[in-house]
Amino acid sequence: MSIELVDIVPMTEYLLVALAGFLACMVDGALGMGFGPTSSTILLGTGLPPVAVSATVNVAKVATGLAGGISHWRFGNVDRRLALRLALPGMGGALVGVTVLRNVDASTLRPILAVMLIAVALRILVRFSRTDRAAVVGDAPQDIDARGVGAAGFAGGITNGLIGAWGPVVTPVLLHKGLAARFTVGSVNAAEVAVAVVSVGSLATSMRGGGLDVGILVAMLVGGVLAAPIAAALVRRLPKHGMGVAVAGLLLLTNVRELATWSGLGPTRWIAYGAVVAAVVLAWSRPRWTRPVRTVAVSAVDVAAG
Numbered sequence: 001m002s003i004e005l006v007d008i009v010p011m012t013e014y015l016l017v018a019l020a021g022f023l024a025c026m027v028d029g030a031l032g033m034g035f036g037p038t039s040s041t042i043l044l045g046t047g048l049p050p051v052a053v054s055a056t057v058n059v060a061k062v063a064t065g066l067a068g069g070i071s072h073w074r075f076g077n078v079d080r081r082l083a084l085r086l087a088l089p090g091m092g093g094a095l096v097g098v099t100v101l102r103n104v105d106a107s108t109l110r111p112i113l114a115v116m117l118i119a120v121a122l123r124i125l126v127r128f129s130r131t132d133r134a135a136v137v138g139d140a141p142q143d144i145d146a147r148g149v150g151a152a153g154f155a156g157g158i159t160n161g162l163i164g165a166w167g168p169v170v171t172p173v174l175l176h177k178g179l180a181a182r183f184t185v186g187s188v189n190a191a192e193v194a195v196a197v198v199s200v201g202s203l204a205t206s207m208r209g210g211g212l213d214v215g216i217l218v219a220m221l222v223g224g225v226l227a228a229p230i231a232a233a234l235v236r237r238l239p240k241h242g243m244g245v246a247v248a249g250l251l252l253l254t255n256v257r258e259l260a261t262w263s264g265l266g267p268t269r270w271i272a273y274g275a276v277v278a279a280v281v282l283a284w285s286r287p288r289w290t291r292p293v294r295t296v297a298v299s300a301v302d303v304a305a306g
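For what it's worth, our numbering labels the leading residue of the sequence shown as 1, then goes sequentially.
There could be a bad hint or two in this list.
What the hints assert, rightly or not - Now the in silico label distances, taken between C-beta atoms and shown as ranges:
hint	residue 1	residue 2	range
1	277	11	32 to 38 Å
2	80	15	38 to 44 Å
3	246	268	31 to 37 Å
Please keep in mind that the hints were generated in silico from the structure rather than gathered at the bench.
Just so you know, these numbers come straight off a predicted model, no measurement behind them.
C-beta: ideal position from N, C-alpha, C; glycine also.
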């Protein structure tokens with residue numbers, strides 16, 4: 001199965017892809033998640049086939065993930081056992097996701113992918129609307145309940161193979177279990193590289209005969225490279241709550257519109273748009289009437305003491 005890009009103006013196509021890489025990297029740099037869903041949403045909107053979208057996003061994730069994973073490793077943010085617990089089932093899940101992607105017609109997949117992206121967007125919306133939970137910080141990994149970690153990795157692998165979504169599925173599970181943010185992000189990023197490599201390797205067999213457009217890939221990487229220093233400079237100043245809610249709102253509106261167009265929904269689509277706006281406003285205003293975040297410090301001594 002070879003992949004052919006849609007017939008649109010090449011320069012416009014490359015600019016849109018570069019914009020996808022730029023915005024996705026900005027989102028990921030500010031929130032620690034969202035590269036895959038953001039870039040997949042934009043690329044699918046250009047008319048690029050789902051298989052090409054997944055391959056492009058995952059190749060970009062391997063390139064950027066290696067740099068990020070090495071950095072997290074050097075700074076001691078990776079819990080190796082946890083990363084392995086996530087990576088192994090994640091790679092299995094990626095094979096399942098890619099298999100579905102390769103064997104289902106693109107016209108059938110598009111509404112399914114839109115529904116999955118909406119689910120991921122809702123997950124991000126809920127994640128960044130919560131401010132009443134304790135934020136855990138520390139200088140050593142903590143022992144957490146490992147139940148469900150493998151299942152989260154497997155589910156994240158499936159969504160990564162389909163739409164490049166790994167972090168929004170896995171990260172909230174670890175944070176909910178009370179793992180410090182630095183070890184959550186570091187371990188999830190380290191495992192993500194292995195999952196992305198499996199996704200790319202599996203998709204490569206579908207792209208013989210000229211599938212992946214190098215220009216598309218380079219455009220996305222250029223956009224990401226341009227955004228990386230900006231994201232690094234702004235990450236401490238950008239309000240994560242507002243950014244998370246805004247990104248979730250963008251993903252929701254874009255994919256609800258995709259579903260409305262696919263289903264031939266008429267003026268009633270505005271009811272769906274209104275529901276999205278209401279959900280975003282509710283999530284944005286929630287911190288005003290909930291308790292502030294409490295910070296719980298966890299030291300190496302505390303962890304050793306159990």
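Against the structure, the hints come out as follows:
{"no.": "1", "hint": "277 <-> 11: 32 to 38 Å", "in the structure": "holds, 34 Å"}
{"no.": "2", "hint": "80 <-> 15: 38 to 44 Å", "in the structure": "holds, 41 Å"}
{"no.": "3", "hint": "246 <-> 268: 31 to 37 Å", "in the structure": "violated, 26 Å"}
Checked against the numbered hints given earlier, this structure breaks only hint 3.
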